[in-house]
Every structure is written in structure tokens, then in C-alpha cells.
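Protein chains: 2
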Amino acid sequence: MKNRRTFVPAWSDEPPAPGSYRSIFKWGAPDRFKHPDQRLYEMLKERLNLTDHDFAEKGPMGNEPVLLHNPPSLEGQHRQGLEAIVGKENLFTDDYSRLKYASGKTAEEAISLRQGIPGRTPDLVIHPRDRYDVERIVSYCNEHAIAVYVYGGGSSVNLGLMPVRGGVTLVMNTHMNRVLSFSETNQTITVEPGMMGPDYERILNNAPELLHAKRRYTGGHFPQSFEFSSVGGWIVTLGSGQESSYYGDMYQIVLSQEYVTPVGSFKTLDFPATATGPKVNDMMKGSEGAFGVLVGATLRVFRYMPETRRRFAFVFPSWQSAVEASREISQGEFGMPSVFRISDPEETDAVMKLYGVEGTVLDRIMGLRGFKTGERCLMLGAANGEKNFALNIRKQVRRICRSRGAIYLTGLPVKSWESGRYTDPYMREDLNDFGIIIDTLETPVTWEKLFTLHEQVRSFIKTRPHTVCLTHASHFYPQGTNLYFIFMARFSDPDEYKRFQEGIIDVIQKNGGSLSHHHGVGKMMAPWMEAHLGKTQMDVLRALKRHFDPNTIMNPGGTLSLDLAEGEANAVNRDT
Amino acid sequence: MKNRRTFVPAWSDEPPAPGSYRSIFKWGAPDRFKHPDQRLYEMLKERLNLTDHDFAEKGPMGNEPVLLHNPPSLEGQHRQGLEAIVGKENLFTDDYSRLKYASGKTAEEAISLRQGIPGRTPDLVIHPRDRYDVERIVSYCNEHAIAVYVYGGGSSVNLGLMPVRGGVTLVMNTHMNRVLSFSETNQTITVEPGMMGPDYERILNNAPELLHAKRRYTGGHFPQSFEFSSVGGWIVTLGSGQESSYYGDMYQIVLSQEYVTPVGSFKTLDFPATATGPKVNDMMKGSEGAFGVLVGATLRVFRYMPETRRRFAFVFPSWQSAVEASREISQGEFGMPSVFRISDPEETDAVMKLYGVEGTVLDRIMGLRGFKTGERCLMLGAANGEKNFALNIRKQVRRICRSRGAIYLTGLPVKSWESGRYTDPYMREDLNDFGIIIDTLETPVTWEKLFTLHEQVRSFIKTRPHTVCLTHASHFYPQGTNLYFIFMARFSDPDEYKRFQEGIIDVIQKNGGSLSHHHGVGKMMAPWMEAHLGKTQMDVLRALKRHFDPNTIMNPGGTLSLDLAEGEANAVNRDT
Chain A
1 MKNRRTFVPA WSDEPPAPGS YRSIFKWGAP DRFKHPDQRL YEMLKERLNL
51 TDHDFAEKGP MGNEPVLLHN PPSLEGQHRQ GLEAIVGKEN LFTDDYSRLK
101 YASGKTAEEA ISLRQGIPGR TPDLVIHPRD RYDVERIVSY CNEHAIAVYV
151 YGGGSSVNLG LMPVRGGVTL VMNTHMNRVL SFSETNQTIT VEPGMMGPDY
201 ERILNNAPEL LHAKRRYTGG HFPQSFEFSS VGGWIVTLGS GQESSYYGDM
251 YQIVLSQEYV TPVGSFKTLD FPATATGPKV NDMMKGSEGA FGVLVGATLR
301 VFRYMPETRR RFAFVFPSWQ SAVEASREIS QGEFGMPSVF RISDPEETDA
351 VMKLYGVEGT VLDRIMGLRG FKTGERCLML GAANGEKNFA LNIRKQVRRI
401 CRSRGAIYLT GLPVKSWESG RYTDPYMRED LNDFGIIIDT LETPVTWEKL
451 FTLHEQVRSF IKTRPHTVCL THASHFYPQG TNLYFIFMAR FSDPDEYKRF
501 QEGIIDVIQK NGGSLSHHHG VGKMMAPWME AHLGKTQMDV LRALKRHFDP
551 NTIMNPGGTL SLDLAEGEAN AVNRDT
Chain B
1 MKNRRTFVPA WSDEPPAPGS YRSIFKWGAP DRFKHPDQRL YEMLKERLNL
51 TDHDFAEKGP MGNEPVLLHN PPSLEGQHRQ GLEAIVGKEN LFTDDYSRLK
101 YASGKTAEEA ISLRQGIPGR TPDLVIHPRD RYDVERIVSY CNEHAIAVYV
151 YGGGSSVNLG LMPVRGGVTL VMNTHMNRVL SFSETNQTIT VEPGMMGPDY
201 ERILNNAPEL LHAKRRYTGG HFPQSFEFSS VGGWIVTLGS GQESSYYGDM
251 YQIVLSQEYV TPVGSFKTLD FPATATGPKV NDMMKGSEGA FGVLVGATLR
301 VFRYMPETRR RFAFVFPSWQ SAVEASREIS QGEFGMPSVF RISDPEETDA
351 VMKLYGVEGT VLDRIMGLRG FKTGERCLML GAANGEKNFA LNIRKQVRRI
401 CRSRGAIYLT GLPVKSWESG RYTDPYMRED LNDFGIIIDT LETPVTWEKL
451 FTLHEQVRSF IKTRPHTVCL THASHFYPQG TNLYFIFMAR FSDPDEYKRF
501 QEGIIDVIQK NGGSLSHHHG VGKMMAPWME AHLGKTQMDV LRALKRHFDP
551 NTIMNPGGTL SLDLAEGEAN AVNRDT
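From first to last, the protein sequence lines are chains A and B. Just so you know, we're using the working numbering here: the first sequence kicks off at 1 and counts up by one. Just so you know, we're using the working numbering here: the second sequence kicks off at 1 and counts up by one.
It is possible that some hints are incorrect.
Just so you know, same-sequence chains aren't split out, so a pair can sit in one copy or run between any two.
[Unchecked claim] Distance condition first, Cα-Cα at most 30 Å in a straight line; then the derived DSS-like pairs of lysine-lysine:
| id | residue 1 | residue 2 |
| --- | --- | --- |
| 1 | Lys-395 | Lys-535 |
| 2 | Lys-395 | Lys-462 |
| 3 | Lys-510 | Lys-267 |
| 4 | Lys-449 | Lys-88 |
| 5 | Lys-415 | Lys-510 |
| 6 | Lys-88 | Lys-462 |
| 7 | Lys-498 | Lys-372 |
| 8 | Lys-387 | Lys-267 |
| 9 | Lys-214 | Lys-88 |
| 10 | Lys-353 | Lys-214 |
| 11 | Lys-267 | Lys-34 |
| 12 | Lys-353 | Lys-88 |
| 13 | Lys-498 | Lys-88 |
| 14 | Lys-267 | Lys-353 |
| 15 | Lys-510 | Lys-387 |
| 16 | Lys-498 | Lys-449 |
| 17 | Lys-267 | Lys-449 |
| 18 | Lys-372 | Lys-415 |
| 19 | Lys-415 | Lys-58 |
| 20 | Lys-449 | Lys-45 |
| 21 | Lys-214 | Lys-449 |
Hints are computed from structural coordinates only; laboratory data are not their basis. All values reported here derive from a predicted model rather than from experimental measurement.
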């Protein structure tokens, strides 16, 4: 029974007003919510140094209707030219469309939109019907030097789709969301880029009914944004799902791609391997709309065998033992688990609190074994594939974890994790409503540099009082893993937050991380690209940009830092 | 006991004369030979319509000393300039060096050299000592528009290192063959590109003694040319070894690379994955010296566990059942075998004959089961990795093969295959001595196109009477495999052979194959590149070529078809 005196913040349960700013920045479905539960609320107050008083009144909610003050600047002539291609019914200039399809899901955009401050917008929003529409649009825009942006699912967290130069935004998930072909023999499917995650997976899971297949298949790609991101977005940003350690990331899953660029259209080869020189297919992966528009993709699919899944969870005495066991598993040559995650001590403690482990028998067992709060670390995982293969992975994982002193927690914690795997982002609005920022940064790292990078990022974040930093590694390779940092704090002003975020990126980069393991670069991380790659390699990307896009119309204004003069990238970045 | 009346051709057991043409074109070590045994000899006579008489007298042997009639054309000034960089002791202009380091291992080169007809040669042969030498040489040559070619192990089968424009050839395996660093934590090794296969594998196998490691490692890369090819050559031509189905091909094994190009030097990122745009690392893989010179590479290494290897061999009633079982194995999600090969009926019959299976108990069992000569097909394989993982692969393979009607032959045939895995190329000289050409072409293929491609290539080859065509698939992926065609015949004139070879390439390409699965493109396959990739994609490669090599000095004269006008590529190709 709930204690009557317990204060519960008035978390918002109202779907955002239609046409409002909030309807744009709110995560996910308008009528779905996930509020912090009481345990999390208590923990937040303690860690962020807040009281119930701080949750008494909400800040700006963004429920006002969208109102832009810049009318579309493309002349009537161009509007007519583009309407002639797609039809009036597929071209929009209303304020709401222009802002909605200009917005991603960065913390910065949420803060601005909540205050009714719109970011950059396109002049026209176009919903192309097929690849031929895209060809004609790109050709028209190239001729008239009109910028072209592409909106897939809208889940970008790095200003990837921000229309810095106005122009047109192409919305891919309205019409271009179809299956183009399926080959059960080759185990591949070809789809249009606007197909959304749940449709993609549903079609493959139901392949016998929908594709005349003999078996059921899975795409194997389950990013946290799964429900609200598109296949095309996954590919052009080099996305990686929660089961990538087994199924691979999009870089590996995509077999071939079809693009429309200002200098022509092409479909890359669909051989599983070929020694015919550098592969154009690779050059397009991660190109983030800066070279051309993805209009079709052939992806590897996998057998859908949920019945063989074997789950496991362990708690380790220390971060070091958890990392070392993970490395041993990743290098052990018995196949990789699909889900595979380890949490650092701060994240582990948060999870233990949230799941009510404190004070239980398990907690006492851990205590007796000398596992201390602030040291112990959680591992979650699941193995897929053929039955004996999956069983053997769990067997080998157990052997390795026990040899590192871990306690087996059964597979139940993984089931809990699975049930909430896509819903945590819903809590962002609740926290934001009370002025708390929650954001993430993530990077790949080799095993050698993991401990230093983790320590240095945490040290930096902890220089700021009352700031939470939860870290996990969730994508594993024989040569390394990723580190995913979640930080939470109350910031008094957006500029302070911006400086804080930039400081973290600097620390990541200086300690052997990259700008992104699976979120892409967009326009937000672009200012670090040259330091990341070095000028000689940046010049190679710029040469490709010049080749594909001589008039700089494709996602211009800083994407991958390809088209901005020095200094300008930073300016775009700061001017959200 | 040998029948006294049996005729045995006088296979050559003499090491080639030092300084001779033969010493250049002979495969492998000068004093190692592998002659066709009597069974193979009898089969050759039957299949190629020859008699003992045809093996009575040898054709030209190429034992004459190399003599060039074109003196090096680079002026004394350039020779001095380059000597100043590497020292007199590392620069050569003698005829023998110039021809040796200009020659690869194509059938065409062997035919010409055997007749004392040298191909194109460089003006100077340079043995750079380290990456700094290479930087200075490339810079010097770029300034003076001198062509730069690179020689790794010299096993190219597509004129990859042919110095069409003269200039300098850099020999990488003389000095630049060292370990640069090793990380047991990351399971990576960084080496110079001139390290040869056996050294690379020996160092990794002996990592505890040589690299202060805790374990032994393997590179996992075993092409047939293993003993006489270099790590750098494997990378820049996208090589694939006989165990690639498990360990991956060079495209997958190489983690990062360091290049010297005319526009600057760089080392690519060594993250196991990163979502920071298109990867320059990928653009360099398979670049065949046309963008720059590889001076260092970091490769993934694997645990060396020969004790867990599990071998298996099967015979199938038909090509179709063998292919379908292979597909089921490749898509079965229990991990892949390392060695994994299937032979088509003609190759199977040849193997059965060579191993003396005809007339044995096994042969009778196959007969009773209805397995017919001309239909039955062999599968060989081995599984590696962690013990239970490898055992389970063999178990699943057995299950699948038996369900397709295959007979298990134990693992012994694989041991036989292993003992001869690198030595078959030695037989080429024996056959060539009597005017018989043996050559190969190979292509990747998706499962859907496999049967048609195989049939069409065989039909084409069989239009020529008395021509053997042995086919196997030896690199497997969930989405497809490769087809490797070995053809043998007596050709009266090299031009007829050339037309025949071109005809096969045309048929491969028209039926959904590529120009190469793992031999690269070089200058030989280059004329087909534009038809293979299409103009739009070729233009992307050309844009990179212009960027890296504005003065067209890097492996110029047709490599990957990047620097020749239409028509010119074919001319180079025909003018070996």
C-alpha cells in the first residue's frame, strides 16, 4: 500500500495537444507514457540533490501550437516545379509540417521546442512516392541549387536531419515503406528506406504468411529507437541494435544499396564478397544523406528462432572482473551472445535500487560474498541461433563468469530488461518537465583503452556536483566494445549544458574514443570530425562529397563536417 | 610395383638455372617440385586426348639467362635522387631484378617468359627500408611524374604488379617485413606489408616465445599462395584464404591500415566499429596500389587451437544435393566450418581417380547407393574454435548432410587435402613443359544464381573439345558462395588461349558473377570493370583515384581500370 504522505510528482499523462511543439518533441506514441516509479524518483532526488519541492511546479510544457515566423522562401515557381513531380497532395508548406520534419530528438531540440523556439525549417516538405519521384526531385533541386534533406523516422540525436539551408525535406516513411523483393534462397530482403522498425520485423517474423516463405525470419536489428526509426535511417547513420554482438550492426547487415545522387543513380553489387576493388557500397554506409538519397536496400536476414534463446545474468565483484570476463567471452571463439551488456558500478547500483534488490536475500548473499555497492557490476545477456549453439554459448559464458567470481542471477533479469527495452526514452519528458536533463553519449573503444576512457569521462562528469553518470557496454567485439554514458542533472541554463556536453565529447576523443559508436555524426558531432579523422582522411571524404554533390545540395550545412569552412561547423552546432 | 612398360614423362627435377627466365616463372621454391602422379597422368591423356607421344619432348623451358633489350630509361639524375633516399645498396637496375620484380604468376606471363619474351619492366627496382623511405620515394616520384609499382610476394594472377609505365618498383618483402606491434588484449598485430605468409603465421603460433603473449595465435588466412604471398598483398587485393568461411577474408580480418599516398600519409582508425561516416579504411581495401602504398596494417588474430579441429568429408548423390546442404549449413546459425569445400561432379571424379577410390569398397558402396560417376559430389571441411563449438558444427553438418542423402567419409580425406593444400601449383610447370595450359578463374555468386552460372560456364568451356573444367565452391556465406573454375587443355597458340579465357570471363559476368572473388582485378580483369560496376560507380572510384593520385603515378596503366581511356584497357590487357 502506498504511504499516504508520499509525494508523487504530477507526471504528465496527457497526450500533447495536436499541432503543438510538445507533439513534436515528445518521444514515441502520443498516448504512451512511462513515468519514473517511486524508487527512481527517490533516487533522483538523492543523487541530483533535489527535494519534492523541485517537483511541485512544471516548467514550460510546449503545448502551444507551432507558429513559425519565417514563411517558406522558395519561390512559387519551384513549388510548382516540385508539385508537378509529386502532386499537390504530397507537398506541404504548413508551419507544423515544416517544423515536425525538421526536428530530431536531441536534448537541445527538446529544450528549445518546449519553450516554443523552433529550429531551422525546410521551405517545403515533400512525401515522395517512389524512387522515380526522388530522382526527379534531386535532379530538379540540383539544377536549381535547392537543399535536400531526408527524414526517415525522426529519431536522430545529433541534428542529422536539421535543414540548415532550408530547401526541401523528403519524408520517406509516408509512401516509401514497401518490400521490393525477398529471396528466401539468399536470405535477403530488399525494402524501401522509409519502412519503420516494427513493420520490418513483423513482415520478416510472418514471412510464411506475407512473403510465401518456408520459414520465419528476423532482421536482428533492435536499437532502442526500434519502434520509431526507419531501415534507411539505420543504414545511413551506421546504426547498431541491442543484439548486434550476434547479428551484427547495420554496417554488416546491409548487403547492397540503391542511391539517387546529383551525379546519377546506382545500385551496389549484392555479392556476399567480391575482390573487385574498393566497394562503393561501403562508401555510402554512414553517408548520412550527404552524398545522395537512399531509395532501396537489400539486407541480410536471419532465422527467427525465439524458442532457442537462452538468457543469463550475473553480478561481478568489480568493474574490472566484469570487463575481463566480457573480453574472454568475446575472444572465446564459441560464438557471441546476441544481447550482451555490462553495467558499471553506478549503473549497477541504480538498477539494483530500481528493481528493489536492496535488502533482499540476494543483496545479503552479495554482501556475504564481499560484493559491495559502488563496486559490483551487472551483466545481462542472451544467446540465439541453433539450439545447441545457443546452449553452448550460455555454458561457456557461465564457466568464464564463475571463474571471475561472478554470481549467477538466472535469466529473469534479462526478461525484465526485455520488457522495458524500448520504453525508457518515454521518461525523458517527465524529467524535462521539471527541468532535469537526461542525455547520452557513446563511443567505441578497444579493450586496451577501456578502463582509462571510462575513468576519464566519469572524472570529468563528476567534477560537476549532483550529476549522475550511468555507463554500460552493450556491443561486443573480439577487439573491443562500446561505452554508453547516460548523464542526468538539473541545468539552470542550456548554454551551461551545451558546454558540459562538449566537454564530455572532448574527453572521449582525447582518451581514444570516437565520436559515435552507433548514433552517427550529424551536424552535432561534426565539429570534432577533423580532429577525429585527421585532415588527410577528411579530405578523402570531402573529395567524395565534391564528386557526388558538386552543388552542395545534399544535407548541406555541416553533415559529417563536409561542407563547412573552419569555424562555421561550430557555429551551426551552437545555433540549434 | 611399377609396370616396366609404363611410360613416365621426364618431369623436370632441376632447379631453374640462376638468373634464368624459368627461375622467375617457376612456382614456389626453386628446389621443390610436385609432379603429376601416374593416375593424374593417365587421366590427363584421356581427358585432353593426348598420348605418351605428346609427352616425349618438352617445349621451351626458359632456362636461358634473362636479357632485356630496353635499358632503364630514367635519367641518371633520378637514379641519384632515389639512391640518396634508400642508399645504393637498395636500388637495382640489372636486367634480372627488373624482370623478376615485374612478373606475377599468370599463365600468360609463364608462356611468354618460357619463350624468353620479357613483359614490361620498371626502370629501377628499389627495396625500401621503412615507411619513411616510402614517403620520400612517393613524394619524389610524384614531383617528377615517375610511376610507382609495388611488389609484395609476386603471386599476382592478374598482372596486378605489371609496370606498364616503367618507373620504379618497390619490393616490400626485403626489409619491410617486421612486426610493428602486438596487442594481446585487443587480439591484434600490426605488421609491415612485406611480411610473408609463413613468417606471419609462425610468429603468431609462437606468440608466447616471440611476442611475450600468454597464448598462441593464428592469422586464420591460408590462401593457396600462402607460402609465397605477403600480408600487404593479401590486403590490397582483398584476398581470401582456404579457411575464410570461419576466419573471414582479408576484407574482414584487417582492422586498420597505414598508407603513403601522393597527397599525404595516414593511418586509419582501429575501432572494432564506429559510426563516424564512411570509412577510409574500407576505401583502401582492394585499392591494389592505385591510391597509395600500404606501409603497415593492423590485423585481427585468433586463438591457435589445432587440438579442437574437427574434420569431415561426405559424398553426395548430386551437385544439387551438395549445394543445398552447403546452403543449409551456411544459413543454419550454428557457426561456420573453417575449411568448407564442395566439388562438382567433374572435379569429384578427378579427385576420386587421383586418390585411387575407383574399384575400392567405398566405390562399390557408392554404386550400391546409386551414386554415379559424373553425378556424385564431394564435400570436405573442418571446424575450428572452442571445443564444443567445433564439435557441434560437425554434428550439425552431419545431420544436414545425411538428410540430403550423403555418405560420411570420415575426416581422413581432409587430412590428405591438408597435406597438399599449398603444393598443387608446382604441377603447372610440369604441364606447361609439354604445352598444356592449366589456369583458373573464380567468382562469387549468390545462391540463387549458382546453378545457372555453373552450367553456363561449363557449357562454354565444353564447346572446346578435350578441355577439362573442374569446379569447386570453397568460401561460404549465408548469402552465397564462390565458384572456382580450373581449366586445362593443350592450346596451340597463346592468342587462342587468350580469347578462350576472355570468353569465360564474359560468361561469368553475364550470368551474375563478378570479376573476382579473391584474386583481385589487376590489369587483366580491368577491361570488364565498367560493365561490372556501371559507369556511375566506376566514376566514384575514378574520383578517389584523382584525389589520391592527381599525377597518375600509383600503379598506373590500367589497375582497376582507373586511369585508361576506353579501349586502352583492352590494349594493355592484350599486350602482356
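Evaluation of the provided hints:
For a Cα distance limit of 30 Å, the shortest separation of Lys-395 from Lys-535 qualifies neither inside one copy, at 47 Å, nor across copies, at 52 Å. For the homomeric pair Lys-395 and Lys-462, neither the shortest alpha-carbon distance inside one copy (38 Å) nor that between copies (53 Å) is at most 30 Å. For the identical chains of this complex, Lys-510 and Lys-267 are inter-copy neighbours only, at 17 Å across copies versus 38 Å inside a copy, given an alpha-carbon limit of 30 Å. For the identical chains of this complex, Lys-449 and Lys-88 are neighbours neither inside a copy (55 Å) nor across copies (43 Å), given an alpha-carbon limit of 30 Å.
With identical chains, the CA atoms of Lys-415 and Lys-510 are never at most 30 Å apart, being 37 Å at best within one copy and 51 Å at best between copies. Within a single copy, Lys-88 and Lys-462 get their C-alpha atoms no closer than 54 Å, and across copies no closer than 60 Å, so neither meets the 30 Å cut-off. With identical chains, the CA atoms of Lys-498 and Lys-372 are never at most 30 Å apart, being 35 Å at best within one copy and 74 Å at best between copies. Within a single copy, Lys-387 and Lys-267 get their C-alpha atoms no closer than 37 Å, and across copies no closer than 42 Å, so neither meets the 30 Å cut-off.
Neither within a single protomer nor between protomers do Lys-214 and Lys-88 lie at most 30 Å apart by alpha-carbon distance, with minima of 42 Å and 69 Å respectively. Taking the closest pair of Cα atoms, Lys-353 and Lys-214 never come within 30 Å of each other, the shortest separation being 46 Å inside a single copy and 40 Å across copies. Taking the shortest alpha-carbon separations for Lys-267 and Lys-34, neither the intra-copy value of 42 Å nor the inter-copy value of 46 Å comes in at or below 30 Å. Taking the shortest Cα distances, Lys-353 and Lys-88 never come within 30 Å of each other, neither inside one copy (55 Å) nor across copies (73 Å).
Taking the shortest Cα distances, Lys-498 and Lys-88 never come within 30 Å of each other, neither inside one copy (40 Å) nor across copies (59 Å). With identical chains, the CA atoms of Lys-267 and Lys-353 are never at most 30 Å apart, being 51 Å at best within one copy and 45 Å at best between copies. Taking the shortest Cα distances, Lys-510 and Lys-387 never come within 30 Å of each other, neither inside one copy (43 Å) nor across copies (40 Å). For the identical chains of this complex, Lys-498 and Lys-449 are intra-copy neighbours only, at 26 Å inside a copy versus 54 Å across copies, given an alpha-carbon limit of 30 Å.
Proximity of Lys-267 and Lys-449 under a CA criterion of 30 Å is satisfied inter-copy only: 18 Å between copies versus 39 Å inside one chain copy. In this assembly of identical chains, Lys-372 and Lys-415 lie within 30 Å of each other by CA distance solely inside one copy; the values are 25 Å within and 53 Å between copies. Proximity of Lys-415 to Lys-58 under the C-alpha cut-off of 30 Å is found in neither arrangement, the shortest distances being 34 Å within a copy and 74 Å between copies. Taking the shortest alpha-carbon separations for Lys-449 and Lys-45, neither the intra-copy value of 33 Å nor the inter-copy value of 62 Å comes in at or below 30 Å.
When the C-alpha separation of Lys-214 and Lys-449 is checked against a cutoff of 30 Å, the pair qualifies only between copies, where the shortest distance is 19 Å, while the shortest distance within a copy is 46 Å.
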